[in-house]
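Please model the entire structure based on the sequences and the hints provided.
Residue numbers (our numbering), protein chains in the order written: chain D, 1 to 350; chain W, 1001 to 1266.
Think of the hints as simulated: they come from the structure by calculation, not from any bench.
Predicted model, so just to flag it, every value in this text is computed and none were measured.
Any given hint could turn out to be false.
Simulated coverage check for chain D against chain W, where a stretch passes if three residues somewhere in it have a Cβ under 8 angstroms from a Cβ of chain W [stated by the list, open to error]:
1) 3-9
2) 233-241
3) 283-292
From the three backbone atoms N, C-alpha and C, an ideal C-beta is built for every residue, glycine too.
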Amino acid sequence: MNAARPASTRLRWWWVVGAAGLLVGSVIVSLMVGSFSIPIGGVLGSVVDRLPFVSVDAGLDDRAEAILWQVRMPRIVLGVIVGATLSAAGAAYQGVFRNPLADPYLLGAGAGAGLGATLAIAYGPDSAGWLIDPLPLAAFVGAIVGVVLAYVLGYSVRSGRTAVTLILAGVGVAAFLTATQTFLQQRNSETLREVYGWILGSLATGSWADVRLVVPYVVISLVVVFAGRRLMDVLAVGDVEASSLGVQPRRVRLVLVAFATLGTAAVVAVSGLIGFVGIIVPHTVRILTGASYRIIVPLSILVGGAFLVIADVIARTVQSPYEVPIGVVTAFIGAPFFAIVLRTSKGVGS
Amino acid sequence: MKDTGYETLVSFDAVTVAYNGSPVVDDVSFEVGKGEWFGVLGPNGAGKSTLLRTAVGGTITGGGISIAGSGMHAVQGKSRAHLVAYVPQRPVFPIGMSVFDYALLGRTPHMGPLATESRSDVTIVWEVLASLGLTSFAERDVASLSGGETQRVSMARVLAQRAPVLVLDEATAALDIASQHEVLELIDSIRIENGIAVVSAMHDLTAAAQFCDRVALIDQGRLRGVGSPKEVLREDLLREVFEPTVRVIDIEGSQVIVSMRDKERR
Chain D
1 MNAARPASTR
11 LRWWWVVGAA
21 GLLVGSVIVS
31 LMVGSFSIPI
41 GGVLGSVVDR
51 LPFVSVDAGL
61 DDRAEAILWQ
71 VRMPRIVLGV
81 IVGATLSAAG
91 AAYQGVFRNP
101 LADPYLLGAG
111 AGAGLGATLA
121 IAYGPDSAGW
131 LIDPLPLAAF
141 VGAIVGVVLA
151 YVLGYSVRSG
161 RTAVTLILAG
171 VGVAAFLTAT
181 QTFLQQRNSE
191 TLREVYGWIL
201 GSLATGSWAD
211 VRLVVPYVVI
221 SLVVVFAGRR
231 LMDVLAVGDV
241 EASSLGVQPR
251 RVRLVLVAFA
261 TLGTAAVVAV
271 SGLIGFVGII
281 VPHTVRILTG
291 ASYRIIVPLS
301 ILVGGAFLVI
311 ADVIARTVQS
321 PYEVPIGVVT
331 AFIGAPFFAI
341 VLRTSKGVGS
Chain W
1001 MKDTGYETLV
1011 SFDAVTVAYN
1021 GSPVVDDVSF
1031 EVGKGEWFGV
1041 LGPNGAGKST
1051 LLRTAVGGTI
1061 TGGGISIAGS
1071 GMHAVQGKSR
1081 AHLVAYVPQR
1091 PVFPIGMSVF
1101 DYALLGRTPH
1111 MGPLATESRS
1121 DVTIVWEVLA
1131 SLGLTSFAER
1141 DVASLSGGET
1151 QRVSMARVLA
1161 QRAPVLVLDE
1171 ATAALDIASQ
1181 HEVLELIDSI
1191 RIENGIAVVS
1201 AMHDLTAAAQ
1211 FCDRVALIDQ
1221 GRLRGVGSPK
1231 EVLREDLLRE
1241 VFEPTVRVID
1251 IEGSQVIVSM
1261 RDKERR
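Pasting the structure below:
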């Protein structure tokens, strides 16, 4: 008897190769372009030269090397991490809530991070010389507090503790936190520009320190979401049927939301509230490849990284030397692209 | 009349489900044997679905259920899913999910929490699809199937689960009479081939009389009768539970239950 699943339900190798190729290609292009352009030979040579046991003369001077490795590379690596994490978290939220409009900020992670960042910017002491920068810490804590509040509120409802109750609790918590944040922002108008800039999101200040800061959280988050991809398919048939299959929907939801939030909080802490990625990337993958999270999660991680790197290239080149907020770019190029995908798809599975 | 000398596999013992103090299911007891088809009958809102859900982890406020000798409070989650498979009244067929992946969901209790399917899981799903004539449907989107096809796909999922007890909540609601008959025959042959006990809520009393070994009649959460269809589906009892115009007609030894319209209004 056949021991292989039908071809169209598999995660096909050329999808993985294609998505990985898109990611690598976008990273290489992103390393090349900017106010100081570096030829592709220089980029590739310098990367290969850094590999152990290999020595290549990339033909770059010290300035080009510094721009490549101290300015562009950390920013791009951070972009890959942020895009991959927001996309995976978006897929996880859509899966556990069975709701196509779910994104990583659904339960108040975004609003909480915004409030935390505003507090740090408006009231935080001058952090020069501090061991820890209070802004990302405040945003990280704010994001987690937002989601915990939503969970506590959602589960304190006695009747019908369903996914919908939780979403409604999240909407309520997010509205309250955003209102508080807006109030504080208005009272401290001298910091308005800084707060607003943070909320729109940016990778401009990305450094190797930021990368090191977020990597542990992001790795744990991606591993758990990836491991939970099959359980998200089980949740798709609803809580009653899922529990008849021996799965505990509330527990699965709690674990996946917790780890998706951990990753989201970490990347939001260093990049601000970059919107739209968590919705558009998983949906694009879903439309192009199929509805199973076995496929959506791994491809979203690769495509999400590529998408944010591409958005960042546009953000820093289109109005050079000024930067367009990356959140504006993700929506501005993401929405029309998404519309094209929607229009040209024949509909999944049909 | 069918012989009901089955060995007991499932027993509902004084099962009670109350929400905010008012019982929806009130002190219901019956036993279902191995390989037996047991019908749960009654009007809309009688508590049939609530009763069936107690067997798959639904709320239960009094009494207990035991399956294969172990009490359900002891058997939870995955171990329970090894014993009982369940099809709700309106199963959810997620858009974009293939028939194969849907059937594979039935293997969930047999996989580790974070593991993916093994080769044997995949082989079992192919076997089940073949036995139901669904092999050529494997790559179809479950959301695109007709009513009769989705019922067969539901059956594929629960068969892949390999549980000795099958709980069906209105498996044939919204099907035309031919499709309904086809699905019920399918369930019957599955039950006989695999020795599965079927506990099913049914609306169609005539079909219940034809297919069930024994039935329970429930009204307002209370058990009004339990036994063979001949014993339970009597005009006097059905008139009390449903309406006074119910007639039971005998066609070729099987009961046909109809509700007659008032003569003057016909």
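We went through each hint and held it up to the structure:
1. A stretch counts as covered by a chain when three or more of its residues have a beta carbon under 8 angstroms from one of that chain; for the region 3-9 of chain D and chain W the count is 7, and the coverage holds.
2. Look at the region 233-241 of chain D against chain W: 7 of its residues bring a Cβ nearer than 8 angstroms to a Cβ of that chain, three or more, so the hint holds.
3. Coverage of the region 283-292 of chain D by chain W holds in this model, with 4 residues showing a Cβ closer than 8 angstroms to a Cβ of that chain against a need of three.
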